[in-house]
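Spelled out, the chains give:
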Amino acid sequence: MNPTNYLVLSAILFSIGAAGVLVRRNAIVVFMCIELMLNASNLAFVTFARMNGTLDGQVVAFFVMVVAAAEVVVGLAIIVTIFRTRNSASVDEPNLLRL
Amino acid sequence: MNALANLGSVVAAGPIGVEPDTGETVTFWVCATLAVLGGLGMVLSRKAVHSALFIALTMINLAVLYIAQDALFLGMVQIIVYTGAVMMLFVFVLMVVGVDASDSLVETLKGQRLLAGIAFVGFLGLLLAGVVEAFDGVPFVGLEAANTAQGTNVEGIGALIFTRYLLAFEVTAALLITAAVGAMVLTHRERVEPRKSQPELSTERFAPGRHPVNKPSPGVYARNNAVSMPALLPDGSTAEDSVPGPLRVRGDAREADLLALAEAEHLSAHEAVTVDDPYGPGPGQTDRQASGEESRP
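As you go down the protein sequences, you meet chains A and B in turn.
Per the numbering used here, the first sequence starts with residue 50, numbered consecutively.
Per the numbering used here, the second sequence starts with residue 423, numbered consecutively.
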């Protein structure tokens, strides 16, 4: 097997996540799609670490995970706040960020 | 002969450096298939909870792929932090937010899905062309040396984090604290009026115009427990508020006047019988008891 297959898998998963962000309207599902894209990029980082024979790629993937965790916390808090005021988690609502 | 041996060694080392063995190949194909299926299921499933479960499947398979690529620490962190913590947070928020109309897959923008499909294919083609063009045939050094330099994979990552990436690590701490405080600020709701004490609640409950106890339920004493049948009050009149409001508004509440009359007569007749009873056992009752004893074999 060609180890580049890992990068191909990463590209496929990233594209699926991007398509999901374009198609889905539930803000939480859109968030999950973003998580999928972050995971795909992490897989690419791990593969690059293996390609170069250094652990730097894995450290970068680790930082991506930390930032993703922080992003999820803030993003879900925003979704909950919007749901409280709008009773909807749809990203189709116009003026969503206006109070 | 010598040239052939040289050729053989070149082929063995290959253009790819570390060649994945059979176990890794099988692992890759199984886990990659499941990961892609999970991703597709997440995008295509109608319910958000199903999407969450599908992406959890994808993340677990990615964790296996990390471990297969000598990233033991990241694989474990992926399972514990992503599948364990982040996805549970997602499911928790799904429970709070509940299911609403945004879960439907009906297109609100005309042609959006077609355009998204075109964008998906185009973007995927672009990425794959770039990746294959740039990295196909590039030798993979492998992580054997890097992982064993400090002892293990975890120690190697730790050594890097606390030396070369120390500043980024410190900034990460600030980021996490900011995120925690931000989540608390965002979800905090200021109380606009003071909390009511129990005397205030009690006064409110018995205020004029309020009903301090349960309202009568429909159909009570009316020989018919349909929702539209008003309950009868002890004096034979109907209790209007025993019928649910929407039925009253629609005019579906049934008249209980005739029934009420019959019921009131029945009740009063029955009452006459039962009122007599409490004044001690009459002669008729003793007769009945005696006859009962006689009839017993």
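None of these hints come from the bench; they were simulated from the model.
Hints are supplied without guarantee of correctness; some may be wrong.
As the list claims (entries may be wrong) - Covered stretches of chain B, going by a simulated chain A footprint (3 or more residues, C-beta under 8 Å):
#, segment
1, 467 to 477
2, 487 to 500
3, 624 to 637
4, 663 to 676
It should be emphasised that the depicted structure is a prediction, and the values quoted were computed from it without experimental measurement.
Think of the CB as a built atom: it goes at the ideal place given N, C-alpha and C, for glycine as much as any other residue.
Quick rundown of the hints versus the structure:
no. : hint       : in the structure
1   : 467 to 477 : holds (count 4)
2   : 487 to 500 : holds (count 9)
3   : 624 to 637 : violated (count 0)
4   : 663 to 676 : violated (count 0)
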